[in-house]
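K.L.:
Using the hints, build the complex out of the two chains.
For the protein sequence lines, the chains are P and C, in the order given. Position one of the first sequence corresponds to residue 624 (our numbering), numbered consecutively onward. Position one of the second sequence corresponds to residue 5 (our numbering), numbered consecutively onward.
Calculated from the structure, these hints are not laboratory results. No experiment lies behind these values; they were computed from the predicted model shown. Misleading hints may appear alongside valid ones.
Said to hold, decoys possible - With a straight-line cut-off of 20 Å between C-alpha atoms, the simulated SDA-like cross-links for lysine to any residue are:
#1 C:LYS92 / P:LYS720
#2 C:LYS92 / P:ARG781
#3 C:LYS92 / P:ASP780
#4 C:LYS92 / P:ASP779
#5 P:LYS715 / C:LYS154
#6 P:LYS908 / P:GLU924
#7 P:LYS715 / C:PRO8
#8 P:LYS715 / C:SER187
#9 P:LYS715 / C:ALA10
#10 C:LYS92 / P:SER748
#11 C:LYS92 / P:LYS908
#12 C:LYS154 / C:ILE170
#13 P:LYS715 / C:GLU12
#14 P:LYS715 / C:PHE11
#15 P:LYS720 / C:SER9
#16 C:LYS92 / P:ALA796
#17 P:LYS715 / C:GLU19
#18 P:LYS715 / C:LYS92
#19 C:LYS92 / P:HIS792
#20 P:LYS715 / C:SER9
#21 P:LYS914 / C:SER187
#22 P:LYS715 / C:VAL13
#23 P:LYS914 / C:ASP192
#24 C:LYS92 / P:ASP746
#25 P:LYS646 / P:SER845
#26 P:LYS715 / C:VAL193
What the hints assert, rightly or not - Selected chain P positions facing chain C (in silico; Cβ < 10 Å):
#27 GLU692
#28 ASP714
#29 PRO756
#30 SER784
#31 LYS843
#32 GLY915
#33 TYR918
From the three backbone atoms N, C-alpha and C, an ideal C-beta is built for every residue, glycine too.
Listed below, chain by chain, are the residues.
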Amino acid sequence: MVKEIIVAFVVLILLAGCSQERKGFSVAEQYGLAYAPVTIMKEKGFLKDSLPGVEIEWKQMANTTSIRESMVAGDLDIGFMALPPFFIGADKGMEWKILSGLSEVPLALVSLDEDIQSLSDFDESDRIALPQPGSIQHMLLSMAAERELGDARYFDDRIVSMTHPDGMHALLANIDIAGHFTSPPYIFMELENPKAHVVLTGKEAMEERFTFVVGVSTDKFSMTNPLWEDAFKDALAEAVSFIEKNPYEASQILSKSYGLDEEKIYEYITREDMLYTLEINGMKKIHDFMKGEGYIDDLGEIDKLVRGEG
Amino acid sequence: MVFPSAFEVAESLREGIFEGNLIVQILYSLELIGKGLLISVFLAMCVGYVCLKASGFKKIFETIVALLHPLPGVALLPLVILWVGTGKTAITIIIVHGAFWPLMQNVLSGMASIPDIYFKVGDNYGFSTSEKIIRILIPASAPFLIAGLKIAWARAWRALISAEMIFGAAGLAGGIGWAIYRSRVFMDVAGIVSGLAVIIIIGIAVEKFVFGFIENRTVKKWGMTE
Numbered sequence: 624m625v626k627e628i629i630v631a632f633v634v635l636i637l638l639a640g641c642s643q644e645r646k647g648f649s650v651a652e653q654y655g656l657a658y659a660p661v662t663i664m665k666e667k668g669f670l671k672d673s674l675p676g677v678e679i680e681w682k683q684m685a686n687t688t689s690i691r692e693s694m695v696a697g698d699l700d701i702g703f704m705a706l707p708p709f710f711i712g713a714d715k716g717m718e719w720k721i722l723s724g725l726s727e728v729p730l731a732l733v734s735l736d737e738d739i740q741s742l743s744d745f746d747e748s749d750r751i752a753l754p755q756p757g758s759i760q761h762m763l764l765s766m767a768a769e770r771e772l773g774d775a776r777y778f779d780d781r782i783v784s785m786t787h788p789d790g791m792h793a794l795l796a797n798i799d800i801a802g803h804f805t806s807p808p809y810i811f812m813e814l815e816n817p818k819a820h821v822v823l824t825g826k827e828a829m830e831e832r833f834t835f836v837v838g839v840s841t842d843k844f845s846m847t848n849p850l851w852e853d854a855f856k857d858a859l860a861e862a863v864s865f866i867e868k869n870p871y872e873a874s875q876i877l878s879k880s881y882g883l884d885e886e887k888i889y890e891y892i893t894r895e896d897m898l899y900t901l902e903i904n905g906m907k908k909i910h911d912f913m914k915g916e917g918y919i920d921d922l923g924e925i926d927k928l929v930r931g932e933g
Numbered sequence: 005m006v007f008p009s010a011f012e013v014a015e016s017l018r019e020g021i022f023e024g025n026l027i028v029q030i031l032y033s034l035e036l037i038g039k040g041l042l043i044s045v046f047l048a049m050c051v052g053y054v055c056l057k058a059s060g061f062k063k064i065f066e067t068i069v070a071l072l073h074p075l076p077g078v079a080l081l082p083l084v085i086l087w088v089g090t091g092k093t094a095i096t097i098i099i100v101h102g103a104f105w106p107l108m109q110n111v112l113s114g115m116a117s118i119p120d121i122y123f124k125v126g127d128n129y130g131f132s133t134s135e136k137i138i139r140i141l142i143p144a145s146a147p148f149l150i151a152g153l154k155i156a157w158a159r160a161w162r163a164l165i166s167a168e169m170i171f172g173a174a175g176l177a178g179g180i181g182w183a184i185y186r187s188r189v190f191m192d193v194a195g196i197v198s199g200l201a202v203i204i205i206i207g208i209a210v211e212k213f214v215f216g217f218i219e220n221r222t223v224k225k226w227g228m229t230e
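One chain only, chain C, in its complex shape (with noise of 0.2 Å):
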């Protein structure tokens, strides 16, 4: 009863893909999570444009960091709940929270490794702002940005599983951390396993697959990492 065997969480995971709606909780899950590594991505680099920008800001902004990224989301969540409800928008908010706080840490720490010399010889070619951060601020602090964006997406699942395993499901059919819930409940131990699986499954191919590429187009092909 507590150690399903592998043929159990295999047969779960049929089920679950043919008979129950997991497909539609993988979908809405893989939603949340890529709308709020969106609006991270969009938020940091908004706040890392300010950074270069405004010096002052910059210090600024390293103490808010340090302040609200040690913040757990589940902490966050009573309080979410009563501004804005149970919802896809309360989850996205978590999801912001737990993905925004590492990746703009990693802008801020790849801006400070950038060495001056590059931006003074942006100068010298009389570079606009935004061309310094799409010509220079952008690859050189690639690898910063990068690690940042995995562990923005870590973080992003386990903001999405916690807030739906606390509050429920949030549309239809809820995510897969709804899933897991519900398996908790029924005491369907195969059916927690399974839901495991999945996310595991669906980490190795997004490392492989998306930052994989992602590397292999930029920082490998610019000899910066191995």
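With the rest of the complex left out, here is chain P (with noise of 0.2 Å):
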């Protein structure tokens, strides 16, 4: 009797150690100029000034889906990705709503084959690297494939997945690869090869703008801690607006992170077709599009993802 009173004892204080109070809360980006607000507001401590004392964890994961997963696993509380992974979560039963937009950025496929202008030019052996099947760039194609070639899924057996930057190589190296779909800064730092070209726009896929990434948090964490939740938010239109107002030290502090060139960066940021915004656009016709292609079931009213609304 007294064994088992030990065990039991021993469990319990295992398992309140277990539920320990967070002090915090985590946020993970991944790579890239698109995801520029979250550097800026880390790097410049933004969320610090109005959050003293609450440690907050920086991740930078490498794609959608360890994000995805870490937050279904409860080691996450906000992500950032595009709409479709969002989707795709939501579909499954994630318990998770948008936060807000964050950027709207040029999207496309690049080429070095003079032959590939268009969709119809790729053939049967001609293989297209993008992130993973699932994401933005691949729903995009598909959109694309299903107006110029009339199959969504034609390029679905042709598809290889690769990182940004692992794309790049491949395209560049010219093996094996006839075309990248990708985002900045990869899109502009293969543009710079005279051979490359784009073949297709993330605009004229999906015939209006729409937002690349997304701020998303756990429905748990929004509850437990909506001031964090606020703070955050908050903290987030403060970095976009800094990057608008002060693009120099932006481009400063973002090329100490990505390694990149500081008048480059300038460049890039500054370009009309970057736009950093919370503003949400195009959930309607990719949750449409996905829908009808079988990728999800009805999400039912598309404000209702979005926190604060519907």
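P.N.:
Right under this line is the structure:
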């Protein structure tokens, strides 16, 4: 009897240890200029000023899937990703909502092959590199394939899943990859190659403006720490306006984080088509396309997926 | 969502087989592994032969095995992609790298385990080198060779799955690694489990039928193992 009680106590103590009160929260971003406001916010310490004493853990993850899995595991509270992976998560029952938009940037399918000027020029053996199936790049390619070739899944068996830097190297090394669907700064870097040209832009595929990256928070985090969440959103807005008002200083900060030339970054972030904004655009169109193609079920009223709306 | 029920996994398997292209993916994976293993066995036999002929080479080769065997195939991937692209060849190279070294290590250990007197008896019978290989080397080191093949088979799977999960489909439908990767990005946990189940089932079948058959015909028949 005494033994059982001791064991029960040990288990209870261990369990209690697991459910410690949290002293902070964690945020994950990915690599690329589209995430610039998050980097600025972190480096300028905007959040520290409004939430003194709260420990914030910043993580940089290689892909959306890892971010989503960390959020399922309860290891991550806020993550940044494109809309399609968010919809897939919501469709599979993840309890999360969009906190805000972050950026609208030019996306494009780039090729070095002169013979490839439109989607129909890719032949059977040509393969296209993009971050992963179910990514925004994959959905844009499918949208354009449906319109131009009559089959949204036309390229599904010919895509290669590669991180942006790997895809860029594979394209420029000209081995085996006929096209690379990517985002800034890789798209700008690729286009510096005289042979490189754009086969399809994200805008052409989507036919309307759309948000590339959104910030997503778990319902659990939002319910238990609404003040932290509000402060996070405010700090994000501050970072967005900082980039707009101080592009030089922002370039200096980003250049250190990304290991890219300061002037190049200045040139990139001040381009007209690089837009940092908390607005969210294109949700309905992407949702309806994914639903139509059977990637997700109907998620109902789209506004309800945005925190504080619907 | 995180723990799918057995029913969901079975349903996902059924869908994969009858509505998807799971069978094509299985065959594709097996083709790559089979090819990679054949190349590894052939290479191991050639190197084994040279080692038998020249003991100086054997020492050098033992060092090479010790150096290259621990290198994970995944770490070589970026180089392989740059050299040969992302197609079947790249995956085959990674499979051969995964399978060849453990196989070679076992071949070398097997050779070392054969008492010298066996070869002397061979000399007395006037065996040529190829006769020595077929009639002395292979049978006497069979338990090592079979153990090496088993390790090579397992390593080949690991290499295939990691290569496919890292750089995606190499053919029309890709292999099982790609199927698991796709399930992962679409948050289809039942799909991931069913992919793993397929690998386990194939593993059991090969262990029982292929290796079981070889063992029954050789080392068990010769009384070398239980």
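K.L.:
Between the alpha carbons of P:LYS720 and C:SER9, is the straight-line distance 20 Å or under?
P.N.:
violated (26 Å)
K.L.:
Taken at face value, is the distance from the CA of C:PRO8 to the CA of P:LYS715 at most 20 Å?
P.N.:
Roughly 12 Å separates the two Cα atoms, so the pair holds.
K.L.:
Under the criterion that the straight-line Cα-Cα distance not exceed 20 Å, is the pair P:LYS715, C:PHE11 satisfied?
P.N.:
holds (17 Å)
K.L.:
C:LYS92 and P:ALA796: Cα distance at most 20 Å?
P.N.:
The given pair, whose Cα atoms are some 18 Å apart, holds under the 20 Å limit.
K.L.:
At a threshold of 10 Å, is the proposed contact between P:GLU692 and chain C supported by beta-carbon distances?
P.N.:
The hint holds - P:GLU692 has a Cβ within 10 Å of chain C, the shortest such distance being about 8 Å.
K.L.:
Under 10 Å is the threshold here; is the Cβ of P:SER784 close enough to any Cβ of chain C for the hint to stand?
P.N.:
holds (4 Å)
K.L.:
Does C:LYS92 sit within 20 Å of P:LYS715, going by the straight-line distance between their CA atoms?
P.N.:
This hinted pair is violated, its Cα atoms lying about 33 Å apart.
K.L.:
How about P:TYR918: closest beta carbon in chain C under 10 Å, or not?
P.N.:
holds (7 Å)
K.L.:
Would you check the hint for P:LYS715 and C:SER187, treating anything up to 20 Å between C-alpha atoms as holding?
P.N.:
Given pair P:LYS715, C:SER187 holds - Cα atoms ~12 Å apart, limit 20 Å.
K.L.:
Is C:LYS92 within 20 Å of P:LYS908, Cα to Cα?
P.N.:
Not satisfied, since the Cα-Cα distance of roughly 37 Å exceeds 20 Å.
K.L.:
Tell me if the straight-line CA distance from P:LYS715 to C:LYS154 falls inside 20 Å.
P.N.:
violated (39 Å)
K.L.:
Keeping to a limit of 20 Å between CA atoms, is the pair of P:LYS914 and C:SER187 held or broken?
P.N.:
Answer holds: P:LYS914 to C:SER187 is near 17 Å, not above 20 Å.
Going through the hint list in order, the structure does not satisfy hints 1, 5, 11, 12, 15, 18, 31 and 32.
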